[in-house]
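The chain contents come next:
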Amino acid sequence: MTRPATTAGGIPRHRLLTDYSIWAIIQSSWMPQVPTSPSKKERFAKFVRRLQAAAAARTFDEARLQLADILNAVEDELTDIPPHPEAWQSDGRMYPPHDDFEKLSPHPAWRRFRSLAHTTLIGANGSIRILEVPRPPKDWTTGPVVLDKPGADGRWLHDL
Amino acid sequence: MNIRQPHPKRSASSPLKRLTARIRERFPAVVTTLDEAANPARGVSHLDLLLGDQQVSVAWSPERGFGISSRSDIAYGEGPDESHGSIEAAARRIERLFLSHTYTAPPAPADLAAVRQRLGFSQVALAKRMKIQQASISKLERRSDARISTLTDYLGAMGADIQLIVHTKFGTFPLRPLGASKTPKVKGGR
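Top to bottom, those sequences are chains V and D. Its first residue numbered 0, the first sequence is counted upward by one per residue in numbering that gives the first Met the number 0. Its first residue numbered 0, the second sequence is counted upward by one per residue in numbering that gives the first Met the number 0.
Since the hints were derived computationally from the structure, they do not count as laboratory data. Please read these numbers as outputs of a predicted model, since none were measured by experiment. Glycine included, C-beta positions come from ideal geometry on N, C-alpha and C. It is possible that part of the hints are untrue.
What the hints assert, rightly or not - Pulled from the structure, derived: some chain D residues nowhere near chain V, Cβ distances all over 12 Å:
1. Val-30
2. Leu-33
3. Asn-38
4. Leu-125
5. Ser-137
To be verified - Derived, one-sided and incomplete: chain D residues facing chain V with beta-carbon distance under 8 Å:
6. Val-43
7. Asp-72
8. Gly-76
9. Gly-78
Construct the entire structure; sequences and hints are all you get.
Below you can see the structure in the form of structure tokens.
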């Protein structure tokens with residue numbers, strides 16, 4: 000036999016306050032709100048989404064600046080870690096590619112930057128590709144692609 | 000755009016090559032890949048090592064030495080967890096990580112004495128630089144409270160800086176140094 004959806008007084012059962020729901024209301028209104036910071040994974044996903052949605056860049060410099068601006072904006076919004084791009088060790092913040100992290104490029108129209116866990120390729124036409132460093136370690140080109148974006152001329156990195 | 004092309008004569012960063020040889024000697028089954036800096040004079044090269052299911056990533060540059068991380072959740076552009084000054088120190092640490100099957104962790108908050116030691120100052124050397132007694136340094140490092148100006152002087156004498164961050168329910172922002180003037184008004188501005 001199924002339970003009626005309403006009480007004898009006509010009140011929908013799902014609107015009834017149980018002991019638990021009263022406790023939950025008290026907790027949520029009286030307990031101090033503890034701010035929760037988004038995880039690195041969430042921050043990175045937001046950065047990738049915004050970079051993917053941004054207008055395509057026309058040049059290498061424009062693409063690099065766009066990537067840096069979007070990443071810094073996401074970190075400023077979602078973390079309270081002040082930026083120290085020159086710091087060597089981790090401070091928990093994500094940073095855009097720095098000149099010192101440039102690696103040899105297999106293609107004359109690409110520049111390649113490597114951080115501990117990612118490889119970033121930027122093309123002369125503003126195209127961008129971000130790959131994870133493969134685990135286990137292999138040729139960097141085999142890493143999973145996280146973002147692939149064409150330049151303003153519609154060409155992807157592999158079209159160059 | 001300044002495109003850097005591969006240079007066939009460039010050799011792998013020798014400190015990372017030596018580190019690889021040292022680790023291979025100890026762990027012959029280790030799998031390694033070396034990713035060289037485009038600028039060998041000051042760039043950062045990377046070495047990835049895998050033993051069993053444990054991966055260790057090493058970053059090295061002539062200016063900064065060896066950085067080591069072995070976590071699986073390293074973020075985009077994030078720096079290494081640990082810093083080591085020599086091949087010996089880096090090799091010992093990697094060996095320990097492999098043998099103990101443990102992982103590195105992001106740097107923990109440091110107390111004043113740890114910061115001083117990391118910057119290579121003894122209490123005596125720092126006291127001399129600050130023109131105070133060594134005992135005052137010792138006392139400061141053991142105190143549970145200190146003036147911001149005292150901390151600024153202490154860190155400033157070692158070339159370091161302090162930044163105060165205010166957390167509120169509306170957001171987080173850096174606090175302007177106490178006593179610093181507000182943004183000057185510009186004549187003719189809006």
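Each hint, compared with the structure:
1. Val-30: violated (6 Å)
2. Leu-33: violated (9 Å)
3. Asn-38: Violated: least Cβ distance 7 Å, not greater than 12 Å.
4. Leu-125: holds (22 Å)
5. Ser-137: holds (27 Å)
6. Val-43: With Cβ-Cβ at 5 Å, under 8 Å, it holds.
7. Asp-72: Hint on Asp-72(D): holds, closest Cβ of chain V at ~6 Å, below 8 Å.
8. Gly-76: holds (4 Å)
9. Gly-78: Status holds, d = 4 Å.
In this structure, the earlier hints numbered 1, 2 and 3 are contradicted, and the remaining ones agree with it.
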